[in-house]
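Chains D and A, in that order, are what the protein sequence lines are. The first sequence begins at 1 in the working numbering and counts up one residue at a time. The second sequence begins at 1 in the working numbering and counts up one residue at a time.
These are computed hints drawn from the structure, not numbers from a lab. Note that the structure is a prediction, hence the values are computed from the model and not measured. The reader is advised that the hints may include incorrect statements.
What the hints assert, rightly or not - What follows is a set of in silico ranges between Cβ atoms, one per label pair, in the way DEER data are often shown:
1) Gly93(D) / Pro91(A): 26 to 32 Å
2) Lys150(A) / Gln94(D): 32 to 38 Å
3) Ala77(A) / Lys76(D): 34 to 40 Å
4) Lys68(A) / Leu98(D): 23 to 29 Å
5) Leu103(D) / Asp157(A): 36 to 42 Å
Stated by the list, open to error - A few chain A residues that face chain D, going by a derived Cβ cut-off under 8 Å, partial list only:
6) Val89
7) Pro112
8) Phe113
9) Leu115
10) Tyr118
11) Gly124
12) Thr125
13) Val129
14) Arg132
For every residue, glycine included, the Cβ atom is placed at its ideal position computed from N, Cα and C.
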Amino acid sequence: MPNTIRVRAVANGDTVEVQSLIQHPMDSGFVKDKKGNLIPPHYIEVVTFEHAGKVVFSAFWGPAVSKDPYIKFSFKGGKKGDPLKISWVDNEGQKDSLDGKIL
Amino acid sequence: MSEKMAAPQPVNAERRLILKSLTFAGVAGFGLTGGGVWSAFADDAPTWPHDAFKQKNLDAALKALYGKGFEASDKIALDVPEIAENGAVVPVSITASLPGVTSLAILIPVNPFTLAAYYKVPAGTDAAVSCRLKMAKTSKVIAVAEAGGKLYGASKDVKVTLGGCGG
Numbered sequence: 001m002p003n004t005i006r007v008r009a010v011a012n013g014d015t016v017e018v019q020s021l022i023q024h025p026m027d028s029g030f031v032k033d034k035k036g037n038l039i040p041p042h043y044i045e046v047v048t049f050e051h052a053g054k055v056v057f058s059a060f061w062g063p064a065v066s067k068d069p070y071i072k073f074s075f076k077g078g079k080k081g082d083p084l085k086i087s088w089v090d091n092e093g094q095k096d097s098l099d100g101k102i103l
Numbered sequence: 001m002s003e004k005m006a007a008p009q010p011v012n013a014e015r016r017l018i019l020k021s022l023t024f025a026g027v028a029g030f031g032l033t034g035g036g037v038w039s040a041f042a043d044d045a046p047t048w049p050h051d052a053f054k055q056k057n058l059d060a061a062l063k064a065l066y067g068k069g070f071e072a073s074d075k076i077a078l079d080v081p082e083i084a085e086n087g088a089v090v091p092v093s094i095t096a097s098l099p100g101v102t103s104l105a106i107l108i109p110v111n112p113f114t115l116a117a118y119y120k121v122p123a124g125t126d127a128a129v130s131c132r133l134k135m136a137k138t139s140k141v142i143a144v145a146e147a148g149g150k151l152y153g154a155s156k157d158v159k160v161t162l163g164g165c166g167g
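Throw the hints in and build the complete structure from the sequences for me.
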């Protein structure tokens with residue numbers, strides 16, 4: 001299965017700016033399919049960003065986050081070449097993770 | 001360690017007493033009290049705030065998430081479009097120019113569930129985030145930041161021309 005996470009983390013001095021895109025339907029549970037049946041809710045609940053084993057940001061999402069979610073944040077103390085791990089879990093227990101590197 | 005604690009005697013007598021009683025509580029194992037205190041501070045676990053995400057109005061969502069309301073603050077910068085042509089993808093950015101921010105949240109009162117997103121900000125991470133949210137229709141968007149045990153917030157109106165929550 002191809003990885004659902006894309007990340008771009010760039011170090012600028014002491015600060016690392018992280019942008020990430022995750023492929024996920026983020027179904028709210030309020031939208032109907034073509035036959036008029038409600039599509040059940042299916043959305044990412046938690047996304048965790050870890051730099052060298054330490055959590056630098058965690059996102060808690062509800063069904064109001066758009067499809068294929070985008071997120072941007074910055075943290076201090078990272079440098080070029082450092083590992084950055086991103087992982088998510090959704091309301092159905094599906095999950096994915098990616099071991100990225102800071103550019 | 002005992003030498004260090006014994007050094008400043010008269011001034012810190014009260015503090016020592018508290019320390020002593022704490023130690024005593026630990027040693028004697030006051031299970032209930034200890035457990036309560038621990039759970040109150042053990043908020044680092046990445047658990048999804050289930051109750052808060054199920055609330056259907058602003059007050060209830062804030063109460064479930066933080067247990068309190070917010071005071072309006074110009075230190076919270078909320079960047080949203082004035083008009084969103086597509087309610088399914090509304091870019092939202094928050095920046096809190098306050099020291100010691102521990103979390104950020106975005107709430108949209110017209111959505112079926114008010115709380116849209118909640119972010120934990122550890123020390124060393126900037127109190128700012130950008131993301132994209134769905135909006136059912138024209139509404140206020142409210143951003144809050146928790147710092148020093150208090151809640152600060154700002155709100156802005158977003159006009160939605162095509163809703164993002166229904167079929």
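Going through the hints against the structure:
Against the hinted window of 26 to 32 Å, the Cβ-Cβ separation of Gly93(D) and Pro91(A) comes to about 29 Å, which satisfies the hint. Evaluation of the 32 to 38 Å hint for Lys150(A) and Gln94(D) yields a pass: the beta carbon distance comes to about 37 Å. In this structure the supplied range 34 to 40 Å is violated for Ala77(A) paired with Lys76(D), their Cβ-Cβ distance being about 19 Å. Checked against the given bound of 23 to 29 Å, the beta carbons of Lys68(A) and Leu98(D), roughly 36 Å apart, lie outside it.
For Leu103(D) paired with Asp157(A), a C-beta distance near 38 Å keeps the hint of 36 to 42 Å intact. For Val89(A), the interface hint holds, the least distance from its beta-carbon to any beta-carbon of chain D being 5 Å, beneath 8 Å. With a cut of 8 Å, the hint placing Pro112(A) at the interface with chain D holds, because the nearest CB-to-CB distance is about 6 Å. With its C-beta approaching chain D no nearer than about 6 Å, Phe113(A) sits inside the 8 Å limit, and its interface hint holds.
Evaluation of the Leu115(A) hint against chain D yields a held restraint, the C-beta minimum of about 6 Å falling below 8 Å. A hinted interface residue such as Tyr118(A) counts as satisfied when its beta carbon comes closer than 8 Å to some beta carbon of chain D; here the least separation is about 4 Å, so the hint holds. Taking 8 Å as the C-beta cut-off, the interface hint given for Gly124(A) holds, the closest approach to chain D being about 5 Å. Interface restraint check: Thr125(A) against chain D, minimum CB-CB distance 4 Å, threshold 8 Å, status holds.
With its C-beta approaching chain D no nearer than about 5 Å, Val129(A) sits inside the 8 Å limit, and its interface hint holds. Against a cut-off of 8 Å between C-beta atoms, the interface hint on Arg132(A) holds, since the closest Cβ of chain D lies about 4 Å away.
Violation of the numbered hints given earlier is confined to hints 3 and 4; the remaining hints are satisfied by the structure.
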